[in-house]
Each structure stands twice: as C-alpha cells, then as structure tokens.
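Undergrad: Sequence:
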Amino acid sequence: MKTALTLAMEEALYFHCRQKGDVVIEEVVMPDDQGIVDTLACKILPNQTFEWRCYELKVTKADFRSTAKLSFVGHLNYFVLPQALYEQVKEEIPAHIGVLLFHPYLDDSEYEVPGYFETIKKAQRQTLQVNENELLYRLITAQAREVSKAKQTERGLRVFGTQQLYKELKRRQKDYDLFGGSNNYYDRFIIDTQNQAVEALKEELEATRAAYFQLEKRLLGDA
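Here my numbering is used: the first residue of the sequence shown is 66, the next is one more, and so on.
Please note that the accuracy of each hint is not assured.
Each computed DSSO-like pair below joins lysine-lysine, with the alpha-carbon atoms no more than 30 Å apart [to be verified]:
1) Lys108 - Lys214
2) Lys282 - Lys267
3) Lys187 - Lys108
4) Lys232 - Lys216
5) Lys216 - Lys235
6) Lys85 - Lys67
7) Lys67 - Lys235
8) Lys108 - Lys282
9) Lys67 - Lys214
10) Lys216 - Lys186
11) Lys214 - Lys232
12) Lys186 - Lys155
13) Lys187 - Lys67
14) Lys232 - Lys155
15) Lys67 - Lys232
16) Lys187 - Lys235
17) Lys267 - Lys214
18) Lys126 - Lys155
19) Lys85 - Lys186
20) Lys67 - Lys134
21) Lys134 - Lys186
22) Lys214 - Lys186
23) Lys282 - Lys216
24) Lys282 - Lys85
25) Lys155 - Lys85
26) Lys282 - Lys187
27) Lys187 - Lys134
28) Lys187 - Lys85
29) Lys187 - Lys155
30) Lys186 - Lys126
31) Lys267 - Lys85
32) Lys108 - Lys186
33) Lys67 - Lys216
34) Lys126 - Lys187
35) Lys214 - Lys235
36) Lys134 - Lys108
37) Lys187 - Lys216
38) Lys85 - Lys216
None of these hints come from the bench; they were simulated from the model.
Let's have the full structure, built from the sequences with the hints guiding it.
TA: This is the structure in structure tokens:
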C-alpha cells in the first residue's frame, strides 16, 4: 500500500517529466529480471536516439535500505527523496545516481500538483543496461495497462465478468460491519437488488394489466 507521501511524489514526478517532454509511466517491469522501476521516462534526442531515465521513489530509511532490487538500468538514474530522508542517507547514495528532492506545497489547493522537485545531485550518464527494444516494449505494455484501467473506470462495472465481481466482493468481506453502518455493502447490494426486482415486477404487472384491458375491450367490441 502506497503512503500519501509516495502518491504525492509519484503524481508530481509524472507532471515534472511531462513538462520536460518525456513519455512517462509508473511501475514498469524491466527485462532480464531487473526488477520493477517505480517511474520510467523516455524522450527522443535531436540525433533520433532515445534517452531513458529511471526513478526510484523512497520515503523512509527502511524503504531506502530495502533488499528489493533497484532498477537503475537507464542512461540516467535518480533517487526521488523527501528532504528529511536525503539528509539521513545521502552518504549511501552511489556516485553515479542522481537525486531529486521533493518539496511539498504547504497548501496544494492552488497548484495543479502537490509539490515540486530540486535536482540536488545530477546523475552520471551510463550505458543502457538492458536491450532497448525490450525496454521499449515494456514501456508500451505499461502504457496499455494504464489505458485499460482508465477505460474500465470510464465504463464502470459492466466491463467486469460476474466471477470477477464476486471475487472482489469476497476480498472486501473484512470491511463488513456486523453491527450496522455505512460500510455494509452486501446489505446495500441486496436491498438495491430487491428494489430493482420490485420495480421490474411493477412494470411487468402494469404491462399485463394494459394488455388485459386491451383484450377485454376488443372482446366486448366483438360481442
């Protein structure tokens, strides 16, 4: 589960990269078992070659020192850190890895994003550590994943199969409040379903009555 700070940094980094003209996507699986990069950015240079940047977002010392693989496979690679964490771990950052410091706005209601970045340490350029065609395919795959999620959100529940919906309800079973309350989604679902059934039966009854009266009127006219 991502923290509020991680989500804020992720959102701000997305816009930061977009402002620089980069194609950017979060959580991209790297080729050759190189882990998952938190944010991958790519842009085309004047010589018609790609430049790849990898960003790893860390918000705690434990997260920074995690044994999880760091996917610094790009030409330029950065840690994205809050100021307080940077002060704690700056001596542990490899010489070739750059650092972006995240500065949150005290009141982000006036801004499009929750904060901004300061380049406190520039990354040293390195040779791309994975096959570029494979990396490009992974970026496209990640973009397609986000498009699919957006389309599902726009279309609502109708894009999900019955079995998927059932699994999701089961997964949320822990949220059920035995003593009542606003989180009893099962009860609300049953009530809504019953109400819909009642309304459907009312419509069917009215249609049957109308058909009966039409038939009765015709029979009386023939008599």
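Undergrad: Given the hinted pair Lys214 and Lys235, is their alpha-carbon gap at most 30 Å?
TA: holds, 21 Å
Undergrad: Mind checking the alpha carbons of Lys187 and Lys85 for me, to see if they're no more than 30 Å apart?
TA: Given that 30 Å is the threshold and the Cα spacing comes to 16 Å, the pair holds.
Undergrad: Mind checking the alpha carbons of Lys85 and Lys67 for me, to see if they're no more than 30 Å apart?
TA: holds, 26 Å
Undergrad: Lys282 and Lys187: Cα distance at most 30 Å?
TA: Violated - the C-alpha atoms of Lys187 and Lys282 are around 88 Å apart, more than 30 Å.
Undergrad: Starting from Lys126, check that the Cα of Lys187 is at most 30 Å away, please.
TA: holds, 21 Å
Undergrad: Is Lys187 close enough to Lys155, meaning Cα to Cα at most 30 Å?
TA: holds, 13 Å
Undergrad: Does Lys232 lie within 30 Å of Lys67 when you go C-alpha to C-alpha?
TA: This hinted pair holds, its Cα atoms lying about 23 Å apart.
Undergrad: Is it true that the CA of Lys232 sits at most 30 Å from the CA of Lys216?
TA: holds, 20 Å
Undergrad: What's the verdict on Lys67 and Lys134, does the C-alpha distance respect the 30 Å limit or exceed it?
TA: holds, 18 Å
Undergrad: Just to be careful, I want the Cα atoms of Lys282 and Lys216 compared with a cutoff of 30 Å; is the pair within it?
TA: violated, 51 Å
Undergrad: Holds or violated: Lys187 with Lys134, Cα cutoff 30 Å?
TA: The given pair, whose Cα atoms are some 22 Å apart, holds under the 30 Å limit.
Undergrad: Given the hint that Lys134 pairs with Lys186, does the C-alpha gap stay at or below 30 Å?
TA: holds, 22 Å
In this structure, the earlier hints numbered 8, 10, 14, 16, 17, 22, 23, 24, 26, 31 and 37 are contradicted, and the remaining ones agree with it.
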